[in-house]
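Asker: So the chains spell out like this:
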Amino acid sequence: MTTPYQQPGAAMGAYTSPIPVRAAHLGDALASEWTKIRSVRSTMWTLGVMILLMLVVGLGIAALVAAADANGEMGNEPVLGLGVFGALIGCICVITLGSLTVTSEFGTGMIRTTLTACPSRSRVLTAKSLVFFGLAFVTTLVTTAFVALCQVAILDGREPATEEWLLSTVGSSLFIALLGLASLGMGAVIRHSAGTITVMLGIMLMPLVAGFFMLGSAALSDVSEFLLGYSIPAQLIGVYGEAAGSGPAGWASVLVMLGVAGVSLGSAFVVINRRDV
Amino acid sequence: MIEAVGLTKRYGAKTAVYNLSFQVRPGAVTGFLGPNGAGKSTTMRMVLGLDRPTEGRVTIGGLPYRQLPNAPRQVGALLDAKAVHGGRTARNHLLSLAQLAGIPARRVDEVLGVVGLHDVAKRRSGGFSLGMGQRLGIAAALLGDPQVLLFDEPVNGLDPEGILWVRNLMKQLAAEGRTVFVSSHLMSEMALTADHLIVIGRGQLMADMSVQDFIAHNSASFARVRTPETEPQQREKLSAALSEAGGQVMPEQDGALRVTGLALPRISDLAHEADVRLWELSPHQASLEEAYMRMTQGAVDYRSTEDQKAGLMQPQPPGYAPPQPQIPDVPQQGWYAPPPPAPGENPYATAPPATPPADAAHTDQIKPEDSR
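Protein sequences, first through last, are from chains A and B. Counting with full-length UniProt numbering, you get residues 1 to 277 for the letters of the first sequence. Counting with full-length UniProt numbering, you get residues 1 to 372 for the letters of the second sequence.
Simulated from the structure, these hints should not be mistaken for lab results. All C-beta atoms, glycine included, are put in the ideal place defined by N, C-alpha and C. Don't take every hint at face value.
Unchecked claim - Below 20 Å or equal to it, Euclidean Cα-Cα: the simulated DMTMM-like pairs (lysine to aspartate or glutamate) are:
1. B:Lys237 x B:Glu273
2. B:Lys14 x A:Asp156
3. B:Lys171 x B:Glu161
4. B:Lys82 x A:Asp276
5. B:Lys14 x B:Glu55
6. B:Lys82 x B:Asp159
Unchecked claim - Beta-carbon label-pair distances, calculated as ranges:
7. A:Gly259 x B:Gly86: 29 to 39 Å
8. B:Ser210 x A:Phe269: 41 to 51 Å
9. A:Phe269 x B:Asp301: 34 to 44 Å
Unchecked claim - Sample of chain B residues facing chain A (criterion: CB under 7 Å; computed from the structure):
10. Asp51
11. Glu55
12. Asn70
13. Arg73
14. Ala77
15. Leu79
16. Ala83
17. His85
18. Gly87
19. Arg88
20. Ser96
21. Leu97
22. Ala101
23. Gly102
24. Arg178
Assemble the whole structure, with the sequences as input and the hints as a guide.
Answerer: And the structure:
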């Protein structure tokens, strides 16, 4: 009871905690979010399934190509382009994980406990985004790099250029992780797991489907070309080198996805600071 | 200290909390009471900055929660025992909260010990019972060793031992000079725990006073008088005599009379003068529960109506009502609509024994044939 006041707000009560008080910062929030993301099964499952599928699909396709062509030659085609099939599957898993990272807090009510422990909502969302992005990026980077190395080893093709190596590993991993970040932002806006995942899968697949249906109509050819070129699968294929029609390719695709993630997260920051939780 | 001034919260057309002003002082357990839907949880969320008040403000130590420096070290809260991610272990749940607040990790094991969850620290909280969930929530509230503590319905789902533990914990925390704000709809629990009461109904302040004052202000004492059941005319006679002498007489369900406004010796004298024998003449002080019910009866949002079984049941004769303490206040008898007269009703039939719910449907099916 003779302990001197340690806190600015100590005048509010007679009790003063013997545990030294220190101001929490973003680093604490990052540690907390890391604890959260590593301690739920959904993280293990989504990332585990993603790694498994990317390995199976990537190596399986390389083996199929090798079997179809007795010499295992792909001529002038870039070998690394085969990685796109695994990456497409990776997208779906990362969308799921990105949504769950934030919507599971809203769904369980944990968000109230979290925001009581840290009233700065922006700090919580920043920490969540950084931890998720880091985890998704590193996991996809390691997997895509491993698959790319295996594919180059299995198949004899043109020796890939450094630029191609970078795009098919760092580029595609950035693209996938940014897509996950976009669904994290969407999750903070929608606050419902199933709803968020549905919306994100719709955003990913609907333009492609709609674009294909519009192909027959001459009047809609511009719209169709835009939808096909800028649909997320087309852009991902673009990251691996081949632009679909007028759509972006290479690093431009990654930049487009950066913009999408930016808009999604930006609206999440606006909304989370305004709404009641 | 928590201070609310003119706190108002509207959700669309519905006003959850209206113009609420109160203070919660340190060194005492302050009970926050109200019927379901009265706005207790909404108020608590506004205190914690989770919901933004439509009007008014609420501060802790002079600052709104979201502007408090080191908020989790100053305020701890249990809002909802189920507000945890079920897939996470108890220890990891608390660890993530401790890290977020900049609290050393070894504090997690301390609070796990305090709430008695040490043995299940490595288990996923999704498998916890409601009582264990409450303990985990209390652990989270205690994590920052804060000066201000808020608990929303902390004893829900706890076993008697747990309830006793929470009761003592609250008192101990308050004795250490902390501000303890506990919401409950269980008046009987608050009577044992709280020093001060804040009662709200339909989002408005109904009382803000000490427990003793609350009882004194809201419970009227009365006398229960019982005349021989064999002679109903004696009861009428006494009723008339007491009313004439200025007392208010209200019949109770079991045939006794509830008399206010007359002292016990006076009632006895009047009965003697009227030549009426008494089987019972006893003083009664309404309990805190009754005082609370009396105060909030106008502000109950979710009121049950009697399950009338669509008039298929035989009526229950007077005297069937459960024994004394459960007898509701006389004004409360208007709570329930009288059962509509059923065709083929036999007013002289004896009441069927209380049927367990499993048999109720069965009874319903048989009854109409019986009365035909």
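Asker: Quick check on leucine 79 of chain B please, does its C-beta sit within 7 Å of some C-beta on chain A?
Answerer: Holds - the Cβ of leucine 79 of chain B comes within 7 Å of chain A, reaching about 5 Å at its closest.
Asker: Could you check if serine 96 of chain B really has its C-beta closer than 7 Å to a C-beta on chain A?
Answerer: 4 Å, holds
Asker: Can we keep the alanine 83 of chain B interface hint, with Cβ of chain A closer than 7 Å?
Answerer: Holds. Min distance 3 Å.
Asker: With 7 Å as the cut and Cβ atoms as the points, is leucine 97 of chain B at the interface with chain A?
Answerer: 5 Å, holds
Asker: Go ahead and decide if the range 29 to 39 Å is satisfied by the Cβ distance of glycine 259 of chain A to glycine 86 of chain B.
Answerer: Check passed, 36 Å falls within 29 to 39 Å.
Asker: Given the proposed pairing of lysine 82 of chain B with aspartate 159 of chain B, does the C-alpha separation stay at or below 20 Å?
Answerer: 17 Å, holds
Asker: Take the shortest C-beta to C-beta distance between aspartate 51 of chain B and chain A; is it under 7 Å?
Answerer: 4 Å, holds
Asker: Quick one, is the arginine 88 of chain B hint okay against chain A at 7 Å, beta carbons?
Answerer: 5 Å, holds
Asker: Below or equal to 20 Å on CA atoms is what counts here, so check lysine 82 of chain B against aspartate 276 of chain A.
Answerer: Holds, because 19 Å separates the two Cα atoms, which is no more than 20 Å.
Asker: Would you mind confirming whether the straight-line C-alpha gap from lysine 14 of chain B to glutamate 55 of chain B stays at or under 20 Å?
Answerer: Judged against 20 Å, a Cα distance of about 14 Å means the pair holds.
Asker: Would the hint on glycine 87 of chain B be counted as holding, given a Cβ-Cβ threshold of 7 Å to chain A?
Answerer: 5 Å, holds
Asker: Determine whether the Cβ-Cβ distance between phenylalanine 269 of chain A and aspartate 301 of chain B falls within the hinted range of 34 to 44 Å.
Answerer: 36 Å, holds
The structure fails hints 2 and 11 (numbered hints given earlier, in ascending order).
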